[in-house]
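Chemist: Those protein sequence lines, which keep their order, are chains V and G. Going by this note's numbering, the first residue of the first sequence is number 3, and it counts up by one from there. Going by this note's numbering, the first residue of the second sequence is number 4, and it counts up by one from there.
By construction, these hints were calculated from the structure, which means they are not laboratory data. Incorrect hints may have been included.
[Claimed, not checked] Covered by chain G, per the in silico footprint, the following chain V stretches (three or more residues, Cβ under 8 Å):
no.	stretch
1	32–44
2	108–119
3	124–135
[Said to hold, decoys possible] Below, computed lysine to any residue pairings styled on SDA-like, alpha-carbon distance capped at 20 Å:
no.	chain 1	residue 1	chain 2	residue 2
4	V	113	G	216
5	V	118	G	18
6	G	178	V	131
Beta carbons are placed, not taken as given, at the ideal position from N, Cα and C, and that holds for glycine.
Given next are the chains, with one letter for each unit.
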Amino acid sequence: MIFKDSLTLLAYFCISNFNAQFLNMTWKQFFTSSIGKKITMGLTGLFLICFLVVHCSVNAMIFFNDNGETFNHWAHFMGSNLIIRIMEIGLFVFFVLHIVQGLALWSQNHKARPIKYAMNDAKTNSKWYSRSMGLLGTLILIFLVLHLYHFWTPSRFGGMMGVHELQETTLQDYNNQPVHNLYAEMQLVFRDNLWVVIVYVLGVISLAWHLLHGFQSAFQTFGINHKRYTPIIRCAGIAFSIIVPLVFALMPIAIYLDWVK
Amino acid sequence: MEHYSMNLTLKVWKQKNSRDKGGFETYQVKDISSEMSFLEMFDVLNEQLITAGKDPVAFDHDCREGICGMCSMYINGKAHGPWSNNTTCQLHMRAFRDGDTVVVEPWRSKAFPVIKDLMVDRTAFDRIIQAGGYISVNTGNAVDANAIPIDKKDADDAFMAAACIGCGACVASCKNSSAMLFVSAKVSQLALLPQGGPERESRVLNMVAQMDKEGFGNCTNTYACEAECPKGISVSNIARMNREYLTAGLSTEE
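Extracted from the complex, chain V is given alone in its bound form (with noise of 0.2 Å):
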């Protein structure tokens, strides 16, 4: 670079010294560092809370008493859609990300205390399922082998029966093709199995206050905290908190119970 007088020269000095250090970030700085950790666990959970809306509208046709039929229908679209299924993928890649980036948090944060209080009083500054995210995700984690294993596995990799066989209902729309027939499944995994119907109960429980905690959480972690907008997001949080756990709870209740037919 030339410059045509000092004055120049002198100017550029006083401008570049403001930038001492100059600015260098890589992708894996910005996603390692403790900001870029809680965006990542903010944005994966925001989708699995997209997820969850999609899992709980699809389930809640159960509630049609049409012996499952219209269940059974957008069940088989679910697992049939090939971009549906392209989703399924990313479902997969952001639940892991979002489980082991959690796992790896809590230990660090557990290293970066590695002498406890003796006396600590962590009640009267903090929530307690705010402080407890990683026990409440190890309990739905748990939860979610079991609930794989009774649905997503026999589902994918057979064991399931088609509704053909069973005939119980027919769906006209896959030009009488048997589909799996999910609804037979929830009767089989539910009914009479008291024990099940509990633990999947315990199992929305723990995720409605790891999403209580969860949904506001991952705004602040944005930046979002506004004396207009928070209030609404907090709202939103607790309403969905509350009814979208509050949904799940009540398939496994009403196929044991019988409401549903």
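Since the structure of chain V is already known, use the hints to place chain G on it.
Modeler: For chain G alone, kept in the frame of chain V given last:
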């Protein structure tokens, strides 16, 4: 207000140096006035220990008027004791009753190693400030004080953030030992003002990098820091720092 004197049982953390394992010592103090500050009560204890030829309890203190941030004590499971928006020196003994047992511990964090007894090394905070908590000012004639117009709201928010005294109660109270509230207050007070503009992006990146290097934990938004902060620093500063970090981190080209 009711005046009374009290006898207390103190369980105080004693530790020779950073390598010592340390443990609790039990002391009895008598005729403590409800008018005393918590540190004055410790002065009475130390007089008593020195007279008896024993090792006094080492604790940090400086201004004793609630603005220096030195008096780091974890009292009965809470940073700076039971009162909110308060430092240990401003905690008065009327917070306790005759016959109470009081447990006193140092801040617990890997980034704040214990020097002796209740004193911890908080130079990690100094290194975070050195990494970017400053502004560059050209020498020359003094600029007129009100030459740069600043929005009232921004000025107020910057002042609120600048109230941080760097005591470390946020780190001590956080279940993750995270320093996010401290760092975000320091980032905010400069990011909100035009004088902080030139280093705005490098500041937040460098300060966060230094914070992570010091071994503080990661923030999980429990907001315990805000509840225990003696100066009432808001977690909205953490949201601002997240915004600053996102903007700076995603816009750099190197």
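Chemist: Honestly, which of those hints from before does the structure not fit?
Modeler: none
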